[in-house]
Each structure stands twice: as C-alpha cells, then as structure tokens.
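S.K.: Here's the letter readout for the chains.
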Amino acid sequence: MKNFFSSKVGIIITGSLIGIIAVTLQKMGNPANMGVCVACFERDIAGALGLHRADVVQYIRPEIAGFVLGSFAIALIKKEYQPRAGSSTILRFFLGIFAMIGALVFLGCPWRALLRLSGGDWNAIVGLLGLTAGIGIGVLFLKYGFSLGRNYKQKKSSGWIFPAFMAVLMIMLIFHFRVSETGPLFFSEKGPGSQHAPLFISLGAGLFIGVIAQRSRFCTMGSIRDIILAKDFHLVSGVLALVVFATIFNLIYGQFKPGFEAQPIAHTVHLWNFMGMVLSGLAFALAGGCPGRQLILSGEGDSDAAVFVMGMIVGAGISHNFLLASSPAGTGAFGPAAVVIGIIFCLIIGFTMREKVN
Amino acid sequence: MSEKIDARGLSCPQPVVLTQRAIKNGATDFQVIVDNETSKENVIRCIENNKLSAEVSADGDTYVINAVKK
Numbered sequence: 001m002k003n004f005f006s007s008k009v010g011i012i013i014t015g016s017l018i019g020i021i022a023v024t025l026q027k028m029g030n031p032a033n034m035g036v037c038v039a040c041f042e043r044d045i046a047g048a049l050g051l052h053r054a055d056v057v058q059y060i061r062p063e064i065a066g067f068v069l070g071s072f073a074i075a076l077i078k079k080e081y082q083p084r085a086g087s088s089t090i091l092r093f094f095l096g097i098f099a100m101i102g103a104l105v106f107l108g109c110p111w112r113a114l115l116r117l118s119g120g121d122w123n124a125i126v127g128l129l130g131l132t133a134g135i136g137i138g139v140l141f142l143k144y145g146f147s148l149g150r151n152y153k154q155k156k157s158s159g160w161i162f163p164a165f166m167a168v169l170m171i172m173l174i175f176h177f178r179v180s181e182t183g184p185l186f187f188s189e190k191g192p193g194s195q196h197a198p199l200f201i202s203l204g205a206g207l208f209i210g211v212i213a214q215r216s217r218f219c220t221m222g223s224i225r226d227i228i229l230a231k232d233f234h235l236v237s238g239v240l241a242l243v244v245f246a247t248i249f250n251l252i253y254g255q256f257k258p259g260f261e262a263q264p265i266a267h268t269v270h271l272w273n274f275m276g277m278v279l280s281g282l283a284f285a286l287a288g289g290c291p292g293r294q295l296i297l298s299g300e301g302d303s304d305a306a307v308f309v310m311g312m313i314v315g316a317g318i319s320h321n322f323l324l325a326s327s328p329a330g331t332g333a334f335g336p337a338a339v340v341i342g343i344i345f346c347l348i349i350g351f352t353m354r355e356k357v358n
Numbered sequence: 001m002s003e004k005i006d007a008r009g010l011s012c013p014q015p016v017v018l019t020q021r022a023i024k025n026g027a028t029d030f031q032v033i034v035d036n037e038t039s040k041e042n043v044i045r046c047i048e049n050n051k052l053s054a055e056v057s058a059d060g061d062t063y064v065i066n067a068v069k070k
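These protein sequence lines map, in sequence, to chains A and B. This note's numbering numbers the first residue of the first sequence as 1 and each following residue consecutively. This note's numbering numbers the first residue of the second sequence as 1 and each following residue consecutively.
Since the hints were made in silico from the structure, they are not lab data. None of the values given here were measured: they were computed from a predicted structure.
Okay, the calculated beta carbon distance ranges per label pair: (1) 60/B - 328/A: 46 to 56 Å; (2) 48/B - 268/A: 43 to 53 Å; (3) 145/A - 60/B: 20 to 30 Å; (4) 51/B - 347/A: 34 to 44 Å; (5) 68/B - 322/A: 53 to 63 Å; (6) 68/B - 328/A: 50 to 60 Å; (7) 28/A - 29/B: 49 to 59 Å; (8) 143/A - 53/B: 17 to 27 Å; (9) 55/A - 50/B: 48 to 58 Å; (10) 145/A - 68/B: 22 to 32 Å; (11) 145/A - 59/B: 19 to 29 Å; (12) 191/A - 50/B: 49 to 59 Å.
Note that CB positions come from ideal geometry on N, CA and C, so glycine has one too.
Sequences are here, hints too, so could you generate the full structure?
M.R.: This is the structure:
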C-alpha cells in the first residue's frame with residue numbers, strides 16, 4: 001500500500017500540523033518561539049536529571065518522549081520497526097554532543113529556528129543561513145564518499161531500550177519523582193523551564209507529531225540537504241508549510257513580534273548565531289538527520305540515532321556546565337571556542353571517514 | 001550486465017548519493033538494494049526525478065529497486 005504521508009501532500013500536511021501544534025503549545029504555556037524545539041527540550045531533560053544545574057532550564061519535556069513513543073508505536077503497527085545498530089557509534093555520540101553545543105550557542109535546533117522565524121525573530125534568518133552553510137559542507141563530504149558505515153540488524157530488545165527510557169522518564173514526570181526535596185528530578189521555578197503546556201496535552205501533541213513525522217520522514221536538515229544534493233524539493237515543501245502555518249497561527253494568537261532585539265530566549269550576536277548553526281548543520285548532515293528526525297529514527301529501532309540523541313543530552317550538560325551555552329545576554333564565555341573545536345572535529349570526521357569513489 | 005548497488009544498512013542520504021552517482025556515470029539500467037522503507041522511497045524519488053522509472057520487488061526486509069528507461 002502506498003504511504004500517503006510520503007507524498008507531496010503528505011509532507012505538506014505534516015509540516016503544517018507541526019507548525020500549528022508548536023505555536024498552539026506556546027499559547028498553552030510552552031516558552032515563546034520554542035514550541036517543540038528538540039534541542040531546547042533535550043537540554044531541559046538534561047537539567048531535570050541534574051546533568052547540568054542551570055536552574056531556569058529543567059523540566060522533563062513530554063514532547064520529546066512523545067516523538068519517540070509515537071514513532072515507536074506507528075513503526076510497530078506499520079511493520080517498519082527494525083532494530084539496527086553498529087554504524088560508527090562513538091562518532092555519532094560525539095556528533096550529537098557537538099550538534100547540541102552549536103545549537104545552544106544559537107539557542108535552538110532547526111525546528112526552533114523555523115519557529116523563531118515564524119514568531120518574527122529575524123535572528124533566526126542568520127541561524128538558518130549558518131545551518132545551510134553547515135549542511136552545504138556536509139553535502140560536499142557526502143559527494144566525495146563520506147560514510148559512517150553500515151548498520152546491522154539487531155535483536156528486538158536492542159531497539160526497545162530507547163523508547164523504554166523515554167517511557168521511564170514519563171513515569172518519573174507523572175509521579176513527580178524526586179530523590180530528595182531538592183531533587184533530582186529538578187524542576188525550574190522560573191525561566192523557560194518553568195513554562196510548559198499541561199503535561200498530557202504536551203504528551204499527546206508529542207505522540208501525534210511522532211506518528212506523522214515517522215510516516216512522512218519529515219526532516220529539516222534533509223530538506224536543505226536534498227536541495228543542494230539533488231535539487232529535490234520534496235522535504236522542503238513540508239518545512240515551508242511549517243513556517244507558513246506557524247506564522248499564521250502566531251498572528252492569530254498575537255504571538256508575532258518582528259525584529260532583532262529583545263526576542264524571547266535569543267541573542268543578537270550574529271557571528272555566533274551563524275557559526276553555531278554551521279556546526280550543528282554540519283553535524284546533522286554527517287549524522288544523517290536533524291534532532292527531530294533522530295528521535296523518530298530512535299523510535300523505529302535505530303540505536304545509532306538513539307546514541308546521537310544521548311550525545312545531544314550529554315552535550316547539553318556539557319554546554320551549561322562549561323559555560324558554552326548562550327543566554328539572552330549573549331554568548332557564553334567559552335561558546336565560540338567550543339564551536340571552533342566542534343567544526344574542526346566535524347571536518348576531521350568528514351575528511352577521514354570516506355569510502356573510495358569510483 | 002546492469003550495475004548493482006548494495007545500499008543496505010547505509011544511513012540517509014547515502015543510498016540516494018550512490019543512485020545519483022550511477023545515473024551521473026550514465027547508467028540507465030541498474031539495481032539498488034535497500035533494507036528500509038525510507039531508503040526505498042528516497043531512491044525511487046531520485047530515480048523518477050532523473051526521468052527513469054523504478055520497479056520494486058520486496059524480499060522480506062529487503063527491497064530491490066530496478067531503474068529502467070521509461
């Protein structure tokens with residue numbers, strides 16, 4: 001049977017729905033222009049677990065668990081659940097770390113870049129240009145034979161572990177698990193981490209997006225990559241639909257505030273907004289998917305994608321502990337240095353992990 | 001003898017890169033083997049965008065996609 005969501009109409013519907021749901025979640029309590037930002041929300045999870053102690057960004061985000069579990073459920077139903085692993089695991093882990101470091105210098109993953117744009121935050125344009133540049137470099141490597149190698153089929157339980165981990169996080173959140181009165185789990189009392197839509201609405205929204213993103217293969221990094229690589233405009237039609245519908249609903253909700261200055265959870269240091277996303281874009285391109293896509297793949301049983309996600313969560317801890325993450329005041333003390341190191345790391349991986357091209 | 005491309009286990013977008021390379025090298029009659037739905041859809045789209053047609057046969061978890069002239 002033909003997969004409707006993999007059609008042009010399907011990907012456009014998916015993008016539109018993600019856009020509408022994201023800004024509606026903002027209306028219901030999620031942080032402004034953040035909607036369903038994968039990097040931000042993984043960072044909040046890292047904070048809730050105590051992997052960093054930035055007390056304004058700590059919450060177990062149900063959306064993240066929803067993406068994984070929604071994808072897991074629909075992949076099982078559609079017989080696309082396929083436990084697989086073994087493609088340069090440790091490199092993917094470090095690509096995840098550096099992808100997160102770059103994203104937290106810009107303050108958002110590609111999904112949030114699109115949502116920031118839809119909310120009138122023009123700094124997002126700088127970030128998206130950086131993202132495009134990073135992906136462009138990644139495409140060059142791909143054309144010249146870059147490969148992290150093949151994955152191999154695994155036993156069933158190998159693919160369950162990550163969805164199970166997400167389910168455990170959800171149970172801990174629902175029962176407000178804490179080892180002591182002060183935590184962990186840690187929950188922000190102020191700042192973005194304290195802002196969230198009602199738990200079950202967030203979870204439901206996450207599950208729904210997980211399902212449609214799994215069916216449609218929605219990927220922001222892929223959308224730009226496919227244009228550069230193959231002049232294929234399939235995925236980008238979904239991304240554009242996301243921006244269009246998120247903008248329309250932001251206007252309806254009165255959440256559209258155009259400008260560069262004083263944008264929510266954003267800064268105006270253009271150079272590092274750009275460079276942060278160059279690093280992220282390159283890391284996503286080498287790893288084969290944007291953060292959202294990596295969550296969906298994790299749900300389908302792809303352990304390599306799950307390792308990338310774990311890298312991002314650990315990367316969030318490193319970012320905040322080592323003063324790499326930006327804040328509305330500007331870049332962190334060592335953020336720019338870390339971005340440079342990350343780009344060097346990615347270039348080394350890009351140049352060294354190549355198969356012979358005939 | 002038509003070219004055979006084994007793209008099993010390769011992550012996105014490598015199956016497409018390999019397909020593109022074959023087309024660029026002038027192949028109009030070749031076979032791509034993939035092991036997941038997404039790669040199958042992507043490779044078919046790549047073949048069709050290059051004005052060839054794709055015929056797919058499934059063998060368990062493996063898909064064999066034959067690119068042929070329209």
